[in-house]
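Student: Okay, here's what each chain looks like letter by letter:
Protein chains: 2
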Amino acid sequence: MVDYELYYWPEIPGRGEFVRLAFEDAGVPYVDMAREKGRGKGEQAMLRMLGSGDRLATPPFAPPFLKHGDLVIGQTANILLYLGGRLGLAPRDEAGGLWTHQLQLTIADFIVEIHDAHHPLSGALYYEDQKAEAARRAADFVDSRLPKFLGYFEGILARAHVTAGAGTRGQAGDRARQGIVGPFTHVDLSLFHVMAGLQYAFPSSMNRMAPSLPHLLTLEKAVRQRPNIAAYLASPRRLPFNQQGIFRHYPELDEGTRDGSPKSP
Amino acid sequence: MVDYELYYWPEIPGRGEFVRLAFEDAGVPYVDMAREKGRGKGEQAMLRMLGSGDRLATPPFAPPFLKHGDLVIGQTANILLYLGGRLGLAPRDEAGGLWTHQLQLTIADFIVEIHDAHHPLSGALYYEDQKAEAARRAADFVDSRLPKFLGYFEGILARAHVTAGAGTRGQAGDRARQGIVGPFTHVDLSLFHVMAGLQYAFPSSMNRMAPSLPHLLTLEKAVRQRPNIAAYLASPRRLPFNQQGIFRHYPELDEGTRDGSPKSP
Numbered sequence: 001m002v003d004y005e006l007y008y009w010p011e012i013p014g015r016g017e018f019v020r021l022a023f024e025d026a027g028v029p030y031v032d033m034a035r036e037k038g039r040g041k042g043e044q045a046m047l048r049m050l051g052s053g054d055r056l057a058t059p060p061f062a063p064p065f066l067k068h069g070d071l072v073i074g075q076t077a078n079i080l081l082y083l084g085g086r087l088g089l090a091p092r093d094e095a096g097g098l099w100t101h102q103l104q105l106t107i108a109d110f111i112v113e114i115h116d117a118h119h120p121l122s123g124a125l126y127y128e129d130q131k132a133e134a135a136r137r138a139a140d141f142v143d144s145r146l147p148k149f150l151g152y153f154e155g156i157l158a159r160a161h162v163t164a165g166a167g168t169r170g171q172a173g174d175r176a177r178q179g180i181v182g183p184f185t186h187v188d189l190s191l192f193h194v195m196a197g198l199q200y201a202f203p204s205s206m207n208r209m210a211p212s213l214p215h216l217l218t219l220e221k222a223v224r225q226r227p228n229i230a231a232y233l234a235s236p237r238r239l240p241f242n243q244q245g246i247f248r249h250y251p252e253l254d255e256g257t258r259d260g261s262p263k264s265p
Numbered sequence: 001m002v003d004y005e006l007y008y009w010p011e012i013p014g015r016g017e018f019v020r021l022a023f024e025d026a027g028v029p030y031v032d033m034a035r036e037k038g039r040g041k042g043e044q045a046m047l048r049m050l051g052s053g054d055r056l057a058t059p060p061f062a063p064p065f066l067k068h069g070d071l072v073i074g075q076t077a078n079i080l081l082y083l084g085g086r087l088g089l090a091p092r093d094e095a096g097g098l099w100t101h102q103l104q105l106t107i108a109d110f111i112v113e114i115h116d117a118h119h120p121l122s123g124a125l126y127y128e129d130q131k132a133e134a135a136r137r138a139a140d141f142v143d144s145r146l147p148k149f150l151g152y153f154e155g156i157l158a159r160a161h162v163t164a165g166a167g168t169r170g171q172a173g174d175r176a177r178q179g180i181v182g183p184f185t186h187v188d189l190s191l192f193h194v195m196a197g198l199q200y201a202f203p204s205s206m207n208r209m210a211p212s213l214p215h216l217l218t219l220e221k222a223v224r225q226r227p228n229i230a231a232y233l234a235s236p237r238r239l240p241f242n243q244q245g246i247f248r249h250y251p252e253l254d255e256g257t258r259d260g261s262p263k264s265p
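Each protein sequence line maps, in turn, to chains A and B.
Under this note's numbering, the first sequence is numbered contiguously, ending at residue 265.
Under this note's numbering, the second sequence is numbered contiguously, ending at residue 265.
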């Protein structure tokens, strides 16, 4: 069997986490290359691959990227598109595959907005150099974009649960086998991670919104209890959220505004 | 034959344009639903579909979305993934398909950054309400992100041209049949549109960078001369760039900084 080699920044969950969760849930071995030592491993080796566009047939723009045999695949959602069928985490029919991928791409859009709430001007500047701007962007994010994205996923999940019928209601074990597109997929794993990250970054806002997100909260709990995920979360392979990644906790960005209009800086 | 129905805002090229260009180049009929009048057509009908998440099996988060028979497909890159093989605008092998999609997703990331250069705080606020912040974000964009993205695509194109060999060099007609992944694909059409949009929005910056982008400029010219694209560009179906879309021309954002550090507001 050819190894799955995942390349991603070693210090943050970041976008790499969406790929890690798929491997972990499926119980399929992978090598987290930039977090290992040895020939071709480590962060420097990853940066050399990124910098040597000429030598890769399909150079990625940025991490994460996956190497599997001769294939080098970039873009998180594209990696999950490749892995979905192989790991049993995506429907095999075309319509189901497109729907699953559509949701994963909408999560990708969401992630950009979550990140840019604390870095509205430039990823190359410190948060401290864009605090006033972040306060304005985060107010709009918390008041408008966060409820819009979560409401979208909550609505689809609510309908998926109704469709799944009475037999699965009330049992976390059964719920853990059903997902937002019907069968359990990488989208459910990604939604779990987004919910966990938002609760870390915006605890007050998420607490306020909790009553309107019952299905997302149930999904989060159900994923957390899946045996392979529970084992992963308890392992050193799971990197904690921190102040370097997509999800950062700055209390001053967690408040939004009471009247819905962004604050002046 | 079942109609391809494209749903997108009727007043701007926007993200819908990447889908329009694929249909137009392939010479495959499509209905631009929100720009037509009649039952189920027009912007209001599109908004009703978006607002009626319950009644669509696969509700999109935002336009564009494509309806084809029973399928409703959201996310620009996902629509092009679906259309690629059907329109003869993507390789049919898995590796080629993943590489094509990876590049389309990187264009999607680029588009977000192009848009946010003039709207760093919120899409719900006017440009005039975030001018100082836009000046800082656009300085970083012009000095750092724009050259990084364009340099990435230029490097891959340069290598694709070398690989294609001497026979195709120097002839725009031949060049128009080869593309960034080898065969001509929707990625080439999208890169054409990005180049045209950047030249509208950032003429001074693009002029300064022109000497370092020979292959992108050649691609842009070659696509413009493809018969179906030339006919489309001369038709009323092609919406002009304007100050409502992704690509907007604000001269004050086109300058960057001489020393590479973002301006203070």
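To be clear, the hints were calculated from the coordinates, so they are not data collected in a lab.
Worth double-checking, as some hints may not be accurate.
Stated by the list, open to error - Under the rule of at most 27 angstroms between Cα atoms (straight-line distance), these lysine-lysine pairs were calculated in the DSS-like manner:
hint	chain 1	residue 1	chain 2	residue 2
1	B	LYS67	B	LYS41
2	B	LYS41	A	LYS131
3	A	LYS131	A	LYS148
4	B	LYS131	A	LYS131
5	A	LYS67	B	LYS148
6	B	LYS148	A	LYS148
7	A	LYS41	A	LYS67
8	B	LYS67	B	LYS37
9	B	LYS148	A	LYS41
10	A	LYS37	A	LYS67
11	A	LYS221	A	LYS148
12	A	LYS148	B	LYS131
13	B	LYS41	B	LYS148
14	B	LYS131	B	LYS148
15	A	LYS148	B	LYS221
Student: If a hint holds in the structure, say so; if it does not, say that too.
Tutor: Now for the hints, and whether the structure bears them out:
With a C-alpha separation of about 12 angstroms, the suggested pair LYS67(B) and LYS41(B) falls inside the 27 angstroms cut-off, and the hint holds. Distance hint between LYS41(B) and LYS131(A) is unfulfilled; the C-alpha atoms sit about 44 angstroms from each other, more than 27 angstroms. In summary, the hint linking LYS131(A) to LYS148(A) is supported, as the alpha carbons are separated by about 24 angstroms, within the 27 angstroms threshold. Of the supplied pair hints, the one linking LYS131(B) and LYS131(A) holds, its CA atoms being roughly 16 angstroms apart against a limit of 27 angstroms.
A C-alpha spacing of about 23 angstroms is found between LYS67(A) and LYS148(B), which places the hinted pair at or below 27 angstroms, so the restraint holds. Annotation: proposed proximity of LYS148(B) to LYS148(A) is violated, straight-line Cα distance about 32 angstroms (limit 27 angstroms). Taking the CA atoms of LYS41(A) and LYS67(A), the gap is about 12 angstroms. The hint holds against a cut of 27 angstroms. A hinted pair counts as satisfied when its Cα atoms are at most 27 angstroms apart, and LYS67(B) with LYS37(B) qualifies at roughly 17 angstroms.
With a CA separation close to 25 angstroms, the supplied pair LYS148(B) and LYS41(A) stays within the 27 angstroms bound. A threshold of 27 angstroms between alpha carbons decides the hint, and for LYS37(A) with LYS67(A) the separation of about 17 angstroms falls inside it, so the pair holds. For the hint pairing LYS221(A) with LYS148(A), the CA-to-CA distance comes to about 22 angstroms; that is within 27 angstroms, so the pair holds. The hinted pair formed by LYS148(A) and LYS131(B) meets the criterion: a straight-line CA distance of about 25 angstroms does not exceed 27 angstroms.
The suggested pairing of LYS41(B) with LYS148(B) is violated, with an alpha-carbon distance near 40 angstroms, which exceeds 27 angstroms. Between the alpha carbons of LYS131(B) and LYS148(B) the distance comes to roughly 24 angstroms, so the proposed pair stays at or under 27 angstroms and holds. Only pairs whose Cα atoms come within 27 angstroms are accepted, and LYS148(A) paired with LYS221(B) is rejected, the gap being roughly 40 angstroms.
Checked against the numbered hints given earlier, the structure breaks hints 2, 6, 13 and 15 and satisfies all the rest.
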